[in-house]
Amino acid sequence: MTEPVIEVKNLTKSFDHWLDQPHSLKNLLTRVSKGNWNPFAVGKQFTVLKDVSFDIFPGEFVGIMGRNGAGKSTLLKLISGIYSPTNGTIETRSVIAPLIELGAGFHPDLSGYENIFLNAAILGFGKKATEAIIPEILDFGELGEQIHKPVRNYSSGMMARLGFSVAINLAAPILLVDEILAVGDAGFQAKCLAKIDEMHRTGRTIVLITHDPGAIQRHCSRCIVIDHCEKVYDGNAQDGAEYYKKLVM
Amino acid sequence: MKLIYQALFDYFCFGKKFLVYNMVSRNIKSKYDRSFIGLGWTLLSPMMLAVIYYIVFKKVMRVQMEHYLAFILSGVLPWAFFSQCVMEGMDSIVGNAGLVSKIPLPLQVLPFVNAITNLITLSASIPILVVVSASQGIPFGWHTLLVFYFYIVLFLVAYGLALILSIGLVLFRDLRHVMTLLMQIWFFGTPVVYSFAMIPEKYRIVIHLNPVADAISGLHTIFTDGVTPGIRTLMISGGWALIFTLFGIAFMRKRFLGILEKL
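Sequences listed follow chains Z and R, in order.
Under the working numbering, think of the first position of the first sequence as 1, with each following residue one higher.
Under the working numbering, think of the first position of the second sequence as 1, with each following residue one higher.
Keep in mind that the hints were calculated from the coordinates and are not lab data.
Quick caveat: nothing in here was measured; it's all calculated off a predicted structure.
Treat each hint with caution, since some may be false.
[Said to hold, decoys possible] The calculated lysine-lysine pairs, modelled on DSS-like cross-linking and capped at a C-alpha distance of 27 Å, are:
#1 R:LYS17 <-> Z:LYS128
#2 R:LYS262 <-> Z:LYS34
#3 R:LYS262 <-> Z:LYS44
#4 R:LYS17 <-> R:LYS2
#5 Z:LYS44 <-> Z:LYS26
#6 Z:LYS128 <-> R:LYS29
So that you can see chain Z by itself, here it is in the shape it has in the complex (with noise of 0.2 Å):
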């Protein structure tokens, strides 16, 4: 059997009451004056996923559901690394590319064909790896003569257009998307689809969060639903996705 790339076990995640947090000293004193002398005392704490497990192997494509606030992307954020785990532990065995924001990094004064440079260094690729995709990048975002103009005069879809093309065709083998194929007209949402698609036969790992059952069925091998903190569902995209229409209706 495979090891799988993505091993996440007992995951607990909580945050602090940012309300309750002594952060400000009109805070501190009014908690003082009701008897509450510890200034490092933890405030009320929430709960955003509770004891999650699951491991994803290599080749797979799963679709993670679940409502508003259930915790979809704060996953997403622990699987990448940018938050640490309350409990539990997420193991990851293979280079992630998170696309938790479309153009999170891109700058609005450098023009889009500069912002692709910039973009790819920060999600941790190199010259040659960069340069070695340029025209899949331009040829994929359909930007035309746009892309030597300044991003600030960019429309949010041509940002996202920019930004999908850049995170997709890095050769990252784990790719985690977040919600982001919400923007972009229909033809270029399709377009994502058939390129994520095009991914996942070569090979790659795919993690996507949508609230479309639809786009899970075509596209997913297996689909995972999270509802108030709790995993509900793991199993075929098929079913998956019933089952989360059920839940949200």
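Chain Z is fixed; fit chain R onto it per the hints.
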């Protein structure tokens, strides 16, 4: 040994050269994009300040010192670099919250990129210092090259401090106001507009405790006396650079897990 190498490798972002290069050029391009004088502002503003100090101290208060313009420039330009490096570096994590909360990055990259950006604009000040000081008849020689030594010392102190403060600012936002005040006090506590020799004998020992005092007075010596700064100046300033590098590395290695949730 390997551990030391690894720590320095991470601290100076050797593994992220392409990223540092791209972010530095982004900073330089965007800072003065759409401005007429452009990059000139980085030097023009401290130079204007230097002229003001020159008028106030030399013409109004009649400070008895030769080559005062060279003196004031060789102090104000590096100080402007230092304070900008610290203040902008402190903001580098909070200011890039949109980036670091979306893409995993080693946090030290941000203050490092900022410090490098400022170091590049600082090195543009060398020709100005050389021209002004040459026009006043100050001799040059091999010792002039020590300007690089002091610039690197200032860079290391500023980077270490900025790294610590940038993490500190996430947890304690008042730090910005504290540091604005502190930098003003620090400016007058450093021999920038006055010389080291003007400090009464019994307080000089205290001035050495100021991490940038020796570096700046070393630059004063190069550009107004035209001689090699004393070995004590070189040792003490280098010592401070080392101390701040060690503190910076210690902070970097602690990693501060969970800090990004507080952004």
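Each hint tested on the structure:
1. This hinted pair checks out: R:LYS17 and Z:LYS128 have alpha carbons roughly 12 Å apart, not beyond 27 Å.
2. Using a Cα cut-off of 27 Å, the hinted pair R:LYS262 and Z:LYS34 holds, with the two alpha carbons roughly 25 Å apart.
3. Taking the CA atoms of R:LYS262 and Z:LYS44, the gap is about 15 Å. The hint holds against a cut of 27 Å.
4. Distance restraint check for R:LYS17 and R:LYS2: the Cα-Cα separation of roughly 20 Å lies within the 27 Å cut-off, and the hinted pair is therefore satisfied.
5. As the CA atoms of Z:LYS44 and Z:LYS26 are separated by approximately 18 Å, the hinted pair is consistent with the 27 Å bound.
6. At most 27 Å may separate the alpha-carbon atoms for a hinted pair to count; Z:LYS128 and R:LYS29 meet this at roughly 22 Å.
The structure meets every hint from the earlier list without exception.
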